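*Asks:* Here's the letter readout for the chains.
There are 2 protein chains.
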Amino acid sequence: MTVKQLPLPELVEACVDLGIPGIGLWREPVQNYGVESAAKLVGDAGLTVTTLCRGGFLTAIDPRERAVALADNRTAIDEAATLGTDTLVLVSGGLPAGSKDLHGARERIADAIAELAPYAGERGIRLAIEPLHPMYAADRCVISTLTQALDIAERFPADQVGVAVDTYHIWWDDQAPAQVARAGAAGRIHTFQLADWTTPLPEGVLNGRGQIGDGAIDTREWRERVDAAGYTGPIEVELFNDVLWARDGLELLKETAERFVEHAL
Amino acid sequence: MTVKQLPLPELVEACVDLGIPGIGLWREPVQNYGVESAAKLVGDAGLTVTTLCRGGFLTAIDPRERAVALADNRTAIDEAATLGTDTLVLVSGGLPAGSKDLHGARERIADAIAELAPYAGERGIRLAIEPLHPMYAADRCVISTLTQALDIAERFPADQVGVAVDTYHIWWDDQAPAQVARAGAAGRIHTFQLADWTTPLPEGVLNGRGQIGDGAIDTREWRERVDAAGYTGPIEVELFNDVLWARDGLELLKETAERFVEHAL
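Which chain is which? The protein sequence lines are A and B, in order. So in full-length UniProt numbering, spot 105 of the first sequence is number 105, and the numbers just go up one at a time. So in full-length UniProt numbering, spot 189 of the second sequence is number 189, and the numbers just go up one at a time.
Treat the hints with care, since some could be wrong.
Copies of one chain are not kept apart here, so a pair can be met inside one copy or by any two copies together.
Stated by the list, open to error - Calculated cross-link-like contacts (lysine-lysine; reagent style DSSO-like; alpha-carbon spacing at most 30 angstroms):
# : residue 1 : residue 2
1 : K100      : K40
2 : K254      : K100
3 : K4        : K254
Calculated from the structure, these hints are not laboratory results. Owing to the predicted nature of the structure, the values given are computational and were not obtained by experimental measurement.
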């Protein structure tokens with residue numbers, strides 16, 4: 001999504017050219033290209049698929065809506081397996097319309113994961129609960145802290161359910177460093193993602209994730225924390241930014257790789 | 001600020017008409033009207049000044065900037081005393097330009113409060129550290145949770161330093177209810193403010209605080225929590241909202257009073 005202006009074949013070629021060894025994919029572009037075709041394209045290029053984004057949206061109260069969400073998550077797990085990644089990232093979902101019950105929504109997420117985790121485990125896929133910044137708590141994800149994500153993940157085996165650690169969502173939280181250590185010790189950091197925090201936030205606050213190095217987050221310090229917690233998996237850069245998306249995709253990808261080296265390694 | 005379209009005399013008259021017993025004032029309109037004149041206007045009408053907003057912005061590294069901020073806070077304390085309120089709300093400040101050091105900024109706030117608290121105490125003013133929503137951590141307030149605010153407040157006597165509990169900033173935090181109890185037990189809830197969480201957030205995320213009842217927050221549940229913690233002080237409604245500000249101020253004040261009764265009492 002960082003360079004969503006690039007079609008999948010161009011993205012894969014550019015990653016190879018730049019020495020980027022893996023890519024995190026999103027479901028929509030993969031579905032549009034064809035899941036098996038995408039798997040072949042990426043595999044033939046020698047790249048790994050780091051994660052698939054995203055499953056989740058598991059907070060529905062209505063039984064039919066809930067069944068549809070569970071079915072869609074099983075499809076996402078199947079897609080992840082086809083792509084050859086071991087991790088499906090979950091954006092858990094916000095409050096249903098009219099509801100003010102955060103606790104109930106969080107418990108429905110845990111109940112849904114209880115149904116999905118064995119299905120994922122049988123297919124070699126780990127679910128990564130991603131805490132989203134508290135500004136998304138109402139409409140996107142009621143799991144707002146790494147603490148909350150781990151409290152749910154720890155109800156399940158670590159090879160089935162863990163967390164996604166994304167600097168954009170947790171950088172402000174003084175309890176997050178200890179939670180990174182907790183997650184690492186339990187083998188539950190299933191992916192690590194970087195983005196910087198830049199202001200002012202745009203309307204809707206979805207597409208204002210900053211290029212690494214442009215904002216308030218000490219990305220290297222977070223990388224070191226995740227290292228110290230024992231994490232050895234891929235590091236993803238995930239920017240959603242209308243300004244960046246308006247730029248030339250290849251140039252943006254190159255800049256992002258350079259910023260990664262400068263501010264995270 | 002909820003009805004900033006109303007000049008101070010009209011606001012005072014409307015509060016009396018509606019049976020609203022007190023008002024929280026902001027420094028700028030009070031300074032424009034004259035601090036002593038404002039004190040007389042409000043006092044003659046039989047209203048109390050619940051709090052003065054706001055001091056703070058205490059994170060500067062530069063010694064001269066820091067001295068200016070401390071002097072301005074002493075002025076704010078003097079203004080609060082003149083107005084006859086017992087509470088000055090602090091918006092503590094964001095990261096200085098170029099800094100990524102949240103911990104250092106929080107410690108500078110504590111150091112500044114150590115200088116201001118005795119000055120405030122001598123004048124009968126309590127400082128209320130307001131945790132702001134984490135979406136303001138970079139540019140407005142590095143104190144993002146009630147836990148952090150209390151950790152600093154507890155370094156000082158409760159009659160000098162406490163916290164402001166504002167539903168808009170803490171509603172998403174599953175640790176906040178226990179922190180409300182902690183604050184109440186220590187006599188450190190120095191004000192309680194209501195606003196609702198509505199989406200989408202506007203650009204800059206400053207002026208999108210929702211009318212009570214319009215959003216995701218169970219305001220009555222929070223009022224009950226604050227009650228249970230032993231708080232008996234005023235309940236303020238603080239909305240910053242461009243859409244509400246464009247409406248007729250008297251109509252908005254009446255609606256707000258009705259919503260308060262409907263969703264908080």
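*Asks:* Now tell me if each hint is right for this structure.
*Replies:* Evaluated hints:
no.: 1; hint: K100 to K40; result: neither (45 angstroms within a copy, 42 angstroms between copies)
no.: 2; hint: K254 to K100; result: between (44 angstroms within a copy, 25 angstroms between copies)
no.: 3; hint: K4 to K254; result: within (14 angstroms within a copy, 48 angstroms between copies)
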